[in-house]
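Given chain X, put chain U in place with the hints provided.
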Amino acid sequence: MNNLPLLMRLLAFALFFSSLPVKSADFIQTSTGWLISPMHQPVSVQAQMTGQVDQQSKTADLLLDINLEGEWKTYWRSPGEGGVAPAFEWQTESKNISNINWFWPAPKRYPVLGVDTLGYKHQIHLPLTIELQDLNQPTLLKGRLTLASCTTICVLSDYDIELSFSIADLLIDQDVAFSYAQAMGSVPILIDEAHIESGKNSASITALQSYWNQAKQQLVVQVENQFEWQKPDLFVDLQNPELDGIFFSTPQISVVNKQLTATFDASTWGGDVDLSDTKIHATVIDQDVAVELVSTTSDKIIISSNSEANIISMFLIALLGGLILNIMPCVLPVLGMKLSSVLGAHGIKKSQIRKQFLASSLGILSSFWLLALFLLTLKLSGEALGWGIQFQNPYFIAAMVAITALFAANMLGLFEIQLPSSMQTWLATKGDQSYLGHFLQGMFATLLATPCSAPFLGTAVAFALGASVVELFVIFSALGLGMALPWLLIALFPSIALLLPKPGKWMGSVKLIFALMILATSLWLLSLLTSFIGIAYVLLITALLLIILFTLVTRKHGKKVLLITLASVLLISAVGLLVSSLTAKHWATPLANDLHWQPLDTTQLKQYVESGKTVFVDVTADWCVTCKANKIGVLLQDPVYSALQAEDIILMKGDWTVRSDNITQYLQSYGRYGVPFNIVYGPAIPQGIELSTILSSDAVINAITLSQEQ
Amino acid sequence: MSNKKQSIKQRKGWLGWLKELLIFSLIAIVISVAIDLWRGQSIVSGTAPTLNAQSLLGEQVDLIKMSNEEPVLVYFWATWCGVCTTVSPSVDFIADHYQVVTVALSSGEPKRIKQYLNAKEYDFNVVNDPRGEISRQWGVSVTPTIFIIDKGKISSVTTGFTSPIGMWLRLFFS
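Sequence lines, in order, name chains X and U.
Numbers 1 to 710, taken from this note's numbering, label the letters of the first sequence in order.
Numbers 1 to 174, taken from this note's numbering, label the letters of the second sequence in order.
Certain hints may be false.
[What the hints assert, rightly or not] Here are the simulated EDC-like cross-link-like pairs (lysine to aspartate or glutamate), alpha carbons at most 20 Å apart as the crow flies: (1) X:K631 x X:D594; (2) X:K631 x X:D661; (3) U:K114 x X:D272; (4) X:K613 x X:D648; (5) X:K653 x X:D601; (6) X:K142 x X:E131; (7) X:K95 x X:D160; (8) U:K111 x X:D244; (9) X:K631 x X:D698; (10) U:K111 x X:E242; (11) U:K114 x X:E242; (12) X:K628 x X:D594; (13) X:K142 x X:D169; (14) U:K120 x X:D244; (15) U:K151 x U:E70; (16) U:K120 x X:D272; (17) U:K111 x X:D272; (18) X:K258 x X:D661; (19) X:K300 x X:D265; (20) U:K151 x U:E69; (21) X:K279 x X:E224; (22) U:K114 x U:E59; (23) X:K300 x X:E610; (24) U:K114 x X:D244; (25) X:K613 x X:E471; (26) U:K120 x X:D655; (27) X:K108 x X:D288.
Simulated from the structure, these hints should not be mistaken for lab results.
Isolated chain X, as found in the complex:
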């Protein structure tokens, strides 16, 4: 009973207000019906009130339907250079309206002469809200809608819109309200940076940043999603009348994992653009994403990985890289042994040689495919990835040291590998059908090749790692094919093998040379262990290994052979020294290795660049032969050497010899998966100039000058 007075009061309150004189409109018109311009039949327009009113924001909903026949298109709010947005001139004649808000569904791209215009075809439903001055006053919406529509011609047509209503008279039209809700549903959700940072957005966007590059007149937008991107597209506009007339190109979009980076060229019809510290609207559309992200451009550099390298050139590089592997000290002996085995077995049929070499080629190819599969698994598991990472693993190196040492010992005739010989007898009983042994030989060759692969395969493999699954397999097939080329050549023309001189004493010497080559590889691998176990242990192991080998040689073949071995080692090194000293003039002798390198630190790097310094970054590794060549051939040579010693140049070194996730990340942010990687940052180009894998002094000097230009 206590409630009654309250109810009464409410009722009285309601009565009081409802009895206030609410002015009714002179006539009620809530839909224009379909309007057609007599000049332009294919386009019709209709504006309808849904009847829905938001009392709080004092807005009423209006649905604008546009119907375009056939190929006719009309434009988005920011259609680009070759278009004009629909315009509604309502301000002069309307009454009781303070503003009209337009909501735009995501547009599509329509190229005209290579330039995209953004717009719509067929049926379009644009939801609008009308902001009213006074909810109790009659409202008149009167004005002219100007709509451009284009096919192979462009037509500008006008539609006179006139609606009249008062809020009290509005009835909700279910059909229109439904269409309105549907249209609203296709409008990208507006989200700003604050929403994303607080994690309070209904969409799955987790990070957003934008970067304005004044020098290149480029806008870079980077968006991260919780889910994988499918086929994303981005549209940028400024929605700022003062910045009217700035156009953005079709973006270059790159997706790395869940991160989307889009680069737009900005242009105007007159001069340069300055979009630093400017609010931009990036409309991002994907299968399950439709958002309009508001971001303020910063000068924080966003680097988009450029995958400009094309698959065909990479295929050729990979083929060449694979071919070169054959003359590497780790692989040459395998091919050599294979050839000598052919020679050893006299009276062997050509068809047999053919099949044997084919089997080995297949072995090489399969092992490259296995490698690709292994790398793919790593990639999919999100492991830090790069070519050469095997050298960051001491166990791998140790295993390879052991394998190469054993192989060298085998070639020196210290022991016969029992398994293959027993297998060979087994294979012999099997007859010609089985070529498993030769297949395995091919795989062994690839295994031995891995230590030598880093310097030559880096570029191709790095590309493959950043590419799609198919491309990865294509590149690795090319590598395998390249390495198998000499083997395939012999398979095609077995007579080549038979052209070699008859087996004799010379084979012993060749075997010795091969053995020493393998031994050298083994010792090089051993030296790589320095960064894991220290120089003392490495020296100890080296000494032990050599003593064991030489003792075994003495035991097996007597002192004479040992002397021959030692003598040939001495002879080879002497000849090597002689040749190098005779040709010293043409050699690149490093000036002095006294450049002051700081460890790579991206925060410090940025500070240096901001304070006007130029930073030269060298990401390198001890096991990377190309890195060493760059260092001796370019960095420690004038003019680069002197340039790097200048006051305002800071040198930073990223050491990738052992595993470093930071450096792997740094590499990947530039789309690189291997070393060497050199880049120059300077006040003029704070985002850095990437240098090619193999350096040249001109390129380095150019990059340094460019980065310092103001």
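Here is chain U on its own, set in the frame of chain X:
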């Protein structure tokens, strides 16, 4: 024998292609004329409306007077008209050799159009028509539209893409 047959076959094919080509061009001509006619329904014909205005560069343009000396090409275009970018370079080229007047339809203030012309490196004569008044007077709602005016008369009208040869032919035959 077989050679002869083949050559006959080939000749037949060749003739066939020619026939095909003729038919296609005939269809194309008929269609384009029909479209021109349809599009031109509202476009004025006969005597050309007067066009006496100041160009963007400040020159006084008197179309009728100009057309009394030599035929004039009048080109209606817009900065927002994507297709016009295919036609404008041709008009710009023709403008070096013939009298050309262009009308920029609802393309904004003079400064904006000057910037556009600068950026695209067009140097044809432009009369600005920001509110579409001139275009309405001429009955033009479609861009690109090209008129050839000769001695105060409209000798031809076309809309959509036109090749420089087409423009030249129209000027020549007027």
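Any hints this thing doesn't respect? Which numbers, in order? Those not satisfied are hints 2, 25, 26.
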